[in-house]
Every structure is written in C-alpha cells, then in structure tokens.
Amino acid sequence: MSKIYMDHAATTYVKPEVLEAMMPYFSEKFGNGSSIHSEGREAKKALEAARQSIAQALGAKPTEIYFTSGGSESDNWAIKGAAFSRMDQGKHIIISAIEHHAVLDPCHYLKKFGFEITELKVDEDGLINLDDLKKAIRDDTVLVSIMTANNEIGTIQPVEEAAKIAHEKGVLFHTDAVQAVGQIPIDLSNSAIDLLSISGHKLYALNGVGALYIKDGVEIDNLIHGGAQERNRRAGTENIACIVGLGKAFELAKSNMESESKRLTVLRDKLIQSVLAEIPESRLNGHPTKRLPNNVNFSFKNVDGEAILINLDLMGIACSTGSACTSACTGPSYVLQALGMEYRWTNGSVRLTLGARTTEEDIDTVVGALKETMNRLRMITFKA
Amino acid sequence: MYNDVVMDHFQHPRNVGDMADATSVAEVGSQECGDTMKVFIKIKDDVIDDIKFQTYGCAAAIASSSIATEMVKGKTVTEAKKLTKNDVVTELGGLPDQKIHCSLLAVDGILGAIEAYEKNK
Chain A
1 MSKIYMDHAA TTYVKPEVLE AMMPYFSEKF GNGSSIHSEG REAKKALEAA
51 RQSIAQALGA KPTEIYFTSG GSESDNWAIK GAAFSRMDQG KHIIISAIEH
101 HAVLDPCHYL KKFGFEITEL KVDEDGLINL DDLKKAIRDD TVLVSIMTAN
151 NEIGTIQPVE EAAKIAHEKG VLFHTDAVQA VGQIPIDLSN SAIDLLSISG
201 HKLYALNGVG ALYIKDGVEI DNLIHGGAQE RNRRAGTENI ACIVGLGKAF
251 ELAKSNMESE SKRLTVLRDK LIQSVLAEIP ESRLNGHPTK RLPNNVNFSF
301 KNVDGEAILI NLDLMGIACS TGSACTSACT GPSYVLQALG MEYRWTNGSV
351 RLTLGARTTE EDIDTVVGAL KETMNRLRMI TFKA
Chain B
1 MYNDVVMDHF QHPRNVGDMA DATSVAEVGS QECGDTMKVF IKIKDDVIDD
51 IKFQTYGCAA AIASSSIATE MVKGKTVTEA KKLTKNDVVT ELGGLPDQKI
101 HCSLLAVDGI LGAIEAYEKN K
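Chains as they are written, first to last, in the working numbering: chain A, 1 to 384; chain B, 1 to 121.
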C-alpha cells in the first residue's frame with residue numbers, strides 16, 4: 001500500500017539538504033560554541049551563519065534572533081518573559097480564543113501571579129476583529145499575542161494591523177508564527193511585531209530547535225537561566241547541528257517560497273473544491289482564501305472524526321482530527337468550537353496538511369478515500 | 001491503538017441497519033460524549049430473534065455496538081439483560097483506558113430496547 005502523508009502541520013520530514021548541512025556537526029565539527037579553541041570557534045561560526053540565514057529570510061537583524069528548543073519554548077519565553085518584565089506596569093494580556101496551547105497555557109499560568117487574560121472571539125472563519133482588539137486594550141494591558149496562522153484551520157490573522165494597534169497604545173505584540181514561517185512571506189524589517197515564535201519541525205528542519213525573534217530594544221525577562229549563551233538571554237549550550245539545519249531550512253524556504261506556495265495553493269484548492277462538490281454534508285473550516293497554502297480542514301456531518309481518521313489510516317493516509325475523543329471526552333477542539341458550529345459538524349473534522357512531496361495524484365487519491373470513508377461510515381451512523 | 005477484534009468489528013460491523021417490523025426501538029446518548037445509538041430488536045417467545053443498530057461515534061463505539069448486538073442475539077430477554085460494559089470490553093479483547101466508556105453506549109442501547117419491550121408487553 002502506498003502511503004500518503006497529509007499531516008505536515010503536525011511535523012514535517014527533514015529535507016535531505018537540511019540533513020546534509022547538519023551531518024558534519026555531530027562527530028566532526030562537534031565543538032561547544034562557547035569554547036575558545038578552534039573546534040569551539042568553528043561551532044560558533046556555524047551558529048552565527050545560521051542566525052544570519054534566518055534573519056535574512058525574515059527581514060530581521062541577526063541580533064534579533066535567539067535560538068530555543070522549539071516553538072513551545074519560544075511562546076513560553078515571549079509570554080512569560082514579557083509579562084514578568086512588565087508586571088509593575090500592569091497585569092492584563094490579550095490573546096485570541098484560538099491560540100495554540102503553548103500560548104494559552106502560559107497565559108493561564110500567569111493568572112496565579114494576578115494577571116487577567118482577555119480572549120478575543122473569532123468569527124465563523126476564525127478571524128479576529130480588530131475593533132474588538134482596540135476595545136479590549138486597557139491602561140494595564142502589557143501584551144497582545146495573536147497567532148500569525150492557526151495550526152488547525154489555517155486561518156491567517158491580520159497580525160501586522162493588530163501589532164500597530166497594540167503599539168499605538170504602547171503595548172508589546174507577540175505572534176506565534178510556527179505554522180506560517182516558511183509558507184507565507186514574513187517581513188520584519190518594517191514591522192510593528194516585537195516578538196515572533198519559530199519552530200524547526202514545521203519547515204523541514206528537526207524538532208527540538210526553534211527561535212524567538214525579539215526586536216532590538218525590546219526587553220523581556222529570561223526564561224532559561226544558567227549561562228551566557230545567546231547574548232546572556234537564553235542559557236544552554238547551543239544545539240549546533242539542529243540550528244545549522246534550521247538555518248538551511250530557512251534558506252530553502254526563502255528561495256522557493258513563491259513557487260511552492262503557488263503550487264500548494266493550487267493543490268489545496270483542488271482538494272477543497274473536489275470534496276465540497278463530491279461529498280454531501282461537507283464543509284470547509286477556516287477562511288476560504290486567508291488560509292495557509294498547505295492547510296485544509298473539513299467537517300463531515302454525522303461522522304465521528306476519529307472514525308474517519310482510523311479509516312483513512314487503514315487506506316495509508318495520515319492526517320489528523322480536532323475531534324478525538326480523549327480521556328476526559330471533552331469533545332471537539334476549542335478551535336472548532338470557537339467557530340460556532342454545532343456538535344455534529346465540529347465532531348467530524350479532518351485536517352489535511354500538504355507538503356513539499358504532495359502531488360496532484362495524492363489529492364485525487366485522498367478525495368476518493370474520503371468519499372469511500374464517508375459512504376461507509378454514514379451507512380453505520382445514527383443520523384441526528 | 002485498537003486490537004484486531006476491535007478493528008474487525010469497526011471495519012465490518014455486524015447487525016448494522018434498521019428494522020421495519022421491530023418489536024422495540026431505543027435511542028440512547030452517551031453521558032460522557034456526543035455518541036448516540038439507535039437499537040431495533042425483534043423478540044419472539046421472549047428471545048431476541050433479530051437485532052439491528054445505528055451508531056454515531058468513534059471506532060470503539062461502533063465496534064462495541066457491533067459485538068454487543070452479536071452477544072445478545074438469540075438470547076432470552078432475561079439473559080440479555082445481564083449484559084454489562086465489562087462483558088463487552090472483555091469480548092472485544094480490551095479497549096484503551098480512555099475508550100472504556102464508549103462501550104457503555106451499546107449496553108445502554110440494548111437494555112433500553114429491552115426495557116421498552118417489557119413496558120409495552
């Protein structure tokens with residue numbers, strides 16, 4: 001059975017060019033970037049070259065890029081670091097209702113320290129309303145965090161406009177760009193964004209590496225204490241091999257983003273149009289056009305998401321659902337619920353995320369498999 | 001995640017469908033999630049002569065419905081009423097911990113249909 005991987009938003013494979021760039025840094029060029037000897041200097045050089053590549057791809061300065069262990073650390077650092085450094089000015093944070101848990105959970109943790117969190121509602125396509133943001137900003141607001149693109153439904157938020165609104169009120173702005181980086185252009189050279197989170201394994205580098213962009217002049221508290229690495233702001237011996245890979249992944253993304261995002265958008269829209277036309281009681285979740293080139297998220301009425309997923313897995317197709325019935329059986333994901341759909345729709349969601357190896361033939365196969373799966377499961381189901 | 005028995009019943013569920021001449025019908029919903037089930041039974045001489053079901057739910061809920069209907073088919077009403085969640089899980093060869101509750105739906109559905117039959121007897 002041939003396999004089709006449609007879960008690139010969960011993790012991407014490592015591109016051969018990325019792996020090749022990383023290889024020398026395991027056993028040959030293994031030095032500690034903080035050492036004075038030639039091995040150390042070699043590591044330091046690679047570290048700074050990777051920083052340069054990433055900065056260049058984002059329109060940032062190399063001094064604004066700080067390496068971390070991944071997207072979750074970057075989000076935690078940005079949220080807690082910004083909050084703790086400004087808690088004497090106020091204890092109010094604004095986020096959207098559909099942020100990733102790596103933003104949501106640090107915010108909820110901060111409540112223990114007296115912070116108040118405002119969650120902006122989103123519309124049926126998953127977009128925030130900028131007027132809501134304006135109204136939500138208070139005198140004691142210290143941080144606004146709105147994701148660049150949503151991990152489940154792919155909706156792209158107006159982050160630049162949101163950042164400007166925050167800045168007008170003197171409030172810091174963070175964005176979790178983990179899903180967006182490498183897929184849509186991000187230019188920080190003239191941006192109001194202060195903090196931006198990056199993860200390696202969403203753009204064909206390895207997991208366990210990421211970065212936080214911190215605009216020059218923006219002060220936030222450190223999260224990891226214990227060493228002088230990353231210009232005294234993030235302790236821990238640098239993961240040189242993975243960082244080199246991240247740098248390479250950014251170079252690749254920058255060089256082919258325009259053509260690859262066009263290619264994926266065509267495939268994405270073919271998948272969307274075929275399914276909506278050929279499968280009854282199906283709908284697209286997320287914005288029809290303001291969405292990531294690789295993201296498709298459907299709901300199928302009267303069919304359980306996990307049942308769909310297992311069926312597709314048996315057919316060699318890997319994807320994910322926001323409807324997994326877990327231990328507490330809390331039901332559909334908070335993201336889908338925030339879109340205001342009824343249960344029989346939210347509980348039948350399937351996220352298919354395309355990648356560099358996805359072909360048009362894959363799309364045809366997936367459409368056929370989805371049709372077959374819905375036909376089969378709808379024979380069994382008790383319709384509402 | 002699921003064993004071969006569960007997967008077999010999920011892929012090839014037994015007794016799926018509806019029944020025009022059912023003696024009794026029950027519709028039940030899970031207490032813990034949104035799963036729902038409709039059960040049709042035909043009873044002859046106090047024996048479950050035929051049974052059909054429709055289930056909206058995950059693979060565990062569908063497999064449990066399938067195997068539970070097999071377990072009670074041909075049994076007397078008195079015997080069938082003894083069916084428990086544990087019996088269904090055991091017959092399936094086990095379910096992941098977080099999926100145990102999914103088997104209750106099938107038991108509730110079958111017992112619900114029997115209860116309705118006894119009420120109207």
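It cannot be assumed that every hint is accurate.
When the alpha-carbon atoms are kept at most 30 Å apart in a straight line, the in silico DSSO-like pairs for lysine-lysine are as follows [said to hold, decoys possible]:
#, chain 1, residue 1, chain 2, residue 2
1, A, Lys383, B, Lys52
2, B, Lys42, B, Lys81
3, A, Lys134, A, Lys215
4, A, Lys383, B, Lys42
Chain B is faced by these chain A residues, among others (derived, beta-carbon under 7 Å) [what the hints assert, rightly or not]:
#, residue
5, His37
6, Gly40
7, Glu306
8, Gly331
9, Tyr334
10, Met341
11, Glu342
12, Tyr343
13, Asn347
14, Ile380
Quick caveat, the hints were computed from the structure, so don't treat them as lab data.
Please read all numbers here as calculations on a predicted model, not as lab measurements.
Each residue gets a CB set at the ideal place from its N, CA and C atoms; glycine is no exception.
Going down the list of hints, with the structure as the test:
For a cut-off of 30 Å, the pair hint linking lysine 383(A) to lysine 52(B) stands: about 15 Å separates their Cα positions. Proximity of lysine 42(B) to lysine 81(B) is assessed by CA-CA distance (about 15 Å); at most 30 Å being required, the pair is judged to hold. Distance restraint check for lysine 134(A) and lysine 215(A): the Cα-Cα separation of roughly 23 Å lies within the 30 Å cut-off, and the hinted pair is therefore satisfied. With a C-alpha separation of about 22 Å, the suggested pairing of lysine 383(A) with lysine 42(B) holds against the 30 Å cut-off.
Taking 7 Å as the C-beta cut-off, the interface hint given for histidine 37(A) is violated, the closest approach to chain B being about 50 Å. The interface hint given for glycine 40(A) is broken, as the beta carbon of that residue sits about 46 Å from the closest beta carbon of chain B, more than 7 Å. For glutamate 306(A), the interface hint holds, since its Cβ comes within 7 Å of a Cβ in chain B; the closest pair sits about 4 Å apart. Checking glycine 331(A) against chain B by beta carbon gives a least distance of about 6 Å; that is within 7 Å, so the hint holds.
For tyrosine 334(A), the interface hint is violated, the least distance from its beta-carbon to any beta-carbon of chain B being 15 Å, above 7 Å. Annotation: methionine 341(A) was flagged as interfacial toward chain B, and the flag is violated, the nearest CB pair being 13 Å apart, outside 7 Å. A distance limit of 7 Å between C-beta atoms decides the matter here; for glutamate 342(A) the minimum to chain B is near 10 Å, and the interface restraint is violated. Satisfaction of the interface hint for tyrosine 343(A) is found here, the shortest Cβ-Cβ separation to chain B being roughly 5 Å, below the 7 Å cut-off.
Using the Cβ-Cβ criterion of 7 Å, the hint placing asparagine 347(A) at the interface with chain B is satisfied: the shortest such distance is roughly 6 Å. The interface hint given for isoleucine 380(A) holds, since its Cβ lies 5 Å from the closest Cβ of chain B, which is under the 7 Å cut-off.
Hint compliance for this structure: hints 5, 6, 9, 10 and 11 are not met, and every other hint is.
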